[in-house]
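Participant: This is what each chain is made of:
Number of protein chains: 2
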Amino acid sequence: MSATIIAIDAMGGDFGPHCIVPASLDCLAEFPSLHLTLVGQRSLIDPLVATAAGVDRSRLRVVDADQVIAMDERPALALRGKPRSSMRLALELVRDGEAHACVSAGNTGALMALARHLLKTLPGIDRPAMVTSIPTRHGGSCLLLDLGANVDCDAQHLYQFALMGSVAASAMGVDRPRVALLNVGTEEIKGNQQVKLAAKLLQQAEALNYQGFIEGDGLFRGDADVAVCDGFVGNLLLKSSEGLAEMLGERVEALFRRSLGARLAGVLALPLLRQLRGELTPAAHNGASFLGLQGIVVKSHGGAGRDGFRTAVRHAVQEVEQNLPGQLLRRLERLH
Amino acid sequence: MSATIIAIDAMGGDFGPHCIVPASLDCLAEFPSLHLTLVGQRSLIDPLVATAAGVDRSRLRVVDADQVIAMDERPALALRGKPRSSMRLALELVRDGEAHACVSAGNTGALMALARHLLKTLPGIDRPAMVTSIPTRHGGSCLLLDLGANVDCDAQHLYQFALMGSVAASAMGVDRPRVALLNVGTEEIKGNQQVKLAAKLLQQAEALNYQGFIEGDGLFRGDADVAVCDGFVGNLLLKSSEGLAEMLGERVEALFRRSLGARLAGVLALPLLRQLRGELTPAAHNGASFLGLQGIVVKSHGGAGRDGFRTAVRHAVQEVEQNLPGQLLRRLERLH
Chain D
1 MSATIIAIDA MGGDFGPHCI VPASLDCLAE FPSLHLTLVG QRSLIDPLVA
51 TAAGVDRSRL RVVDADQVIA MDERPALALR GKPRSSMRLA LELVRDGEAH
101 ACVSAGNTGA LMALARHLLK TLPGIDRPAM VTSIPTRHGG SCLLLDLGAN
151 VDCDAQHLYQ FALMGSVAAS AMGVDRPRVA LLNVGTEEIK GNQQVKLAAK
201 LLQQAEALNY QGFIEGDGLF RGDADVAVCD GFVGNLLLKS SEGLAEMLGE
251 RVEALFRRSL GARLAGVLAL PLLRQLRGEL TPAAHNGASF LGLQGIVVKS
301 HGGAGRDGFR TAVRHAVQEV EQNLPGQLLR RLERLH
Chain Z
1 MSATIIAIDA MGGDFGPHCI VPASLDCLAE FPSLHLTLVG QRSLIDPLVA
51 TAAGVDRSRL RVVDADQVIA MDERPALALR GKPRSSMRLA LELVRDGEAH
101 ACVSAGNTGA LMALARHLLK TLPGIDRPAM VTSIPTRHGG SCLLLDLGAN
151 VDCDAQHLYQ FALMGSVAAS AMGVDRPRVA LLNVGTEEIK GNQQVKLAAK
201 LLQQAEALNY QGFIEGDGLF RGDADVAVCD GFVGNLLLKS SEGLAEMLGE
251 RVEALFRRSL GARLAGVLAL PLLRQLRGEL TPAAHNGASF LGLQGIVVKS
301 HGGAGRDGFR TAVRHAVQEV EQNLPGQLLR RLERLH
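Chains as they are written, first to last, in my numbering: chain D, 1 to 336; chain Z, 1 to 336.
None of these hints come from the bench; they were simulated from the model.
Treat each hint with caution, since some may be false.
Stretch by stretch, here's where chain D covers chain Z in the computed footprint (C-beta under 8 Å, at least three residues) [as the list claims (entries may be wrong)]:
| hint | segment |
| --- | --- |
| 1 | 55–69 |
| 2 | 122–133 |
| 3 | 145–155 |
| 4 | 226–237 |
| 5 | 265–273 |
Pairs of lysine-lysine, DSS-like flavour, derived with a Cα cap of 25 Å [stated by the list, open to error]:
| hint | chain 1 | residue 1 | chain 2 | residue 2 |
| --- | --- | --- | --- | --- |
| 6 | D | K82 | Z | K190 |
| 7 | Z | K200 | Z | K190 |
| 8 | Z | K190 | D | K120 |
| 9 | D | K200 | D | K190 |
| 10 | D | K190 | Z | K200 |
| 11 | D | K120 | D | K82 |
| 12 | Z | K82 | Z | K120 |
| 13 | D | K190 | Z | K82 |
If you're wondering where the values come from, they're calculated on a predicted model, not measured in any experiment.
By construction, the Cβ of each residue, glycine as well, lies at the ideal position given by its N, Cα and C atoms.
Let the hints inform the model, and build the full structure from the sequences given.
Facilitator: Below, the structure written as structure tokens:
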């Protein structure tokens with residue numbers, strides 16, 4: 001197996017290098033053919049590497065970057081004003097062929113703006129989309145996109161998201177992925193203008209296994225392998241799901257404190273329920289991919305801890321193995 | 001206590017009169033001052049009333065309506081083509097002062113179109129909104145609107161929804177309700193055009209306790225008492241939450257079948273978990289109110305069973321007691 005080189009923006013996220021560096025070193029131990037380039041303030045990174053045990057330093061490189069993009073910085077400013085930010089240098093490594101993928105837990109808007117600017121979109125793709133896999137009933141999963149890269153979308157954008165989602169699902173081993181548009185009803189007359197127009201485009205796309213509209217409940221029921229919506233909707237759906245799951249977990253714990261009998265039941269049940277929570281937790285599903293770029297970029301949740309960041313790096317390794325941009329390019333060339 | 005008269009569209013929903021009539025009669029027994037007018041095909045309703053035990057027929061009236069609006073009928077056709085539909089006649093009773101409120105489990109789009117046409121909106125309100133209460137952390141709740149009555153909204157509509165939601169929360173006993181706009185981030189620069197403009201309008205509205213933007217996870221965390229979004233987003237949020245809760249319930253049940261030890265834990269834990277499921281189930285929260293009309297209309301979920309429909313009728317009784325349209329009118333008059 002040839003080496004996979006991943007550039008890590010070590011400065012992003014709510015916890016910065018103190019979380020990202022150890023998580024990255026864990027991955028180095030996990031994947032024998034993985035090489036990492038940690039990009040960020042060397043004065044912060046070096047001590048974290050030095051104190052870590054059992055690190056194969058021959059597969060580790062540190063690139064010094066003295067600028068950091070803040071989590072609330074305007075993307076336009078990050079683009080123009082910080083030529084030596086850790087995020088930018090990590091993406092430049094991908095652009096220059098020195099890394100196969102980039103992982104960052106930093107400012108999403110800035111990451112998208114820089115990635116578009118430095119890596120460019122694939123021919124036929126106007127805007128990259130963010131995609132992640134969500135768990136569905138009966139142990140299945142569904143790719144949901146866009147997750148917030150594009151808050152205003154027209155029908156053509158939604159069509160392109162559908163296409164990219166379908167290729168990504170195929171790459172993950174799904175045969176003829178069922179593609180659907182998220183809508184407020186399943187009848188043709190339902191929905192806003194963009195969704196109705198996108199449905200017309202998708203009905204004509206013979207290369208896609210288009211299923212029509214699905215409603216919110218169909219998403220978790222597993223009615224589609226790829227669910228498409230604009231980034232405003234997708235972001236709210238994803239985050240509200242996280243919030244709801246958290247609330248339900250809290251209520252379950254409270255339930256087992258209500259009485260002595262309940263406490264007894266809880267002694268047996270809570271370890272199992274926490275196991276389920278672990279399987280469904282954002283950390284187990286962390287890592288949204290940017291689709292449609294000439295390069296692989298994975299965004300880790302800003303609030304992800306060590307476990308979560310590791311999951312994001314694993315995602316990136318997988319996408320390098322699948323050569324997702326290459327697959328997308330071939331599919332787009334066949335279409336045009 | 002004076003009599004409350006509620007007009008029931010007996011023909012709507014997935015189960016029709018066989019579910020709605022018994023549920024309505026249950027409510028008659030529950031509320032001694034409640035009078036009901038069941039509107040629908042008399043040939044179907046009368047036998048269901050005749051076979052019910054212990055019904056106080058002095059508080060029950062049946063109005064014959066020979067037309068039924070189908071669940072997938074276009075609202076425009078329902079409006080023009082069916083002058084004697086059960087839905088229309090039930091709303092006309094409210095318009096003519098013969099009922100204080102109307103409850104229907106029928107076609108949402110048709111109900112909204114007919115309600116707007118027959119009851120008219122309050123002065124200063126362009127479009128009615130659908131609102132419901134969702135459970136939040138620490139046993140709280142939050143009013144979410146719009147839920148799908150308006151798929152395309154401009155800033156002015158969102159502003160009006162915020163105002164109506166605030167009055168509704170006050171009527172429910174919340175002191176200075178915290179009003180927030182749902183968005184993809186909490187910073188001012190985030191969001192689509194409508195949301196940014198609506199934020200400006202709300203910042204200037206001194207009568208409202210406006211809190212700014214909240215993200216999807218803030219919704220269930222209880223960061224606001226009133227969460228405002230367009231109907232496309234609200235509908236998808238609500239339905240995906242239902243789907244997620246269902247999926248989690250299913251996974252929990254599967255969890256307790258995995259091994260003998262798990263089955264033992266399940267014997268103790270599942271009754272408790274099912275109780276929680278009952279508290280959070282759509283049936284316990286069924287009933288979305290149409291806000292902004294000169295009259296009270298409550299929409300029951302089409303798939304609601306007897307329990308769920310009863311909850312929707314209880315909602316209507318409560319709104320009559322609160323005189324929500326009257327409170328809204330006074331608030332709007334003070335503003336203009």
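Participant: Compare the structure with each hint and give your call.
Facilitator: Hints and how they fare:
| no. | hint | verdict |
| --- | --- | --- |
| 1 | 55–69 | violated (count 0) |
| 2 | 122–133 | violated (count 0) |
| 3 | 145–155 | holds (count 3) |
| 4 | 226–237 | holds (count 7) |
| 5 | 265–273 | holds (count 6) |
| 6 | D/K82 / Z/K190 | holds, 21 Å |
| 7 | Z/K200 / Z/K190 | holds, 13 Å |
| 8 | Z/K190 / D/K120 | holds, 23 Å |
| 9 | D/K200 / D/K190 | holds, 13 Å |
| 10 | D/K190 / Z/K200 | violated, 30 Å |
| 11 | D/K120 / D/K82 | holds, 19 Å |
| 12 | Z/K82 / Z/K120 | holds, 19 Å |
| 13 | D/K190 / Z/K82 | holds, 21 Å |
Consistency with the previously given hints fails for numbers 1, 2, 10, ordered from lowest to highest.
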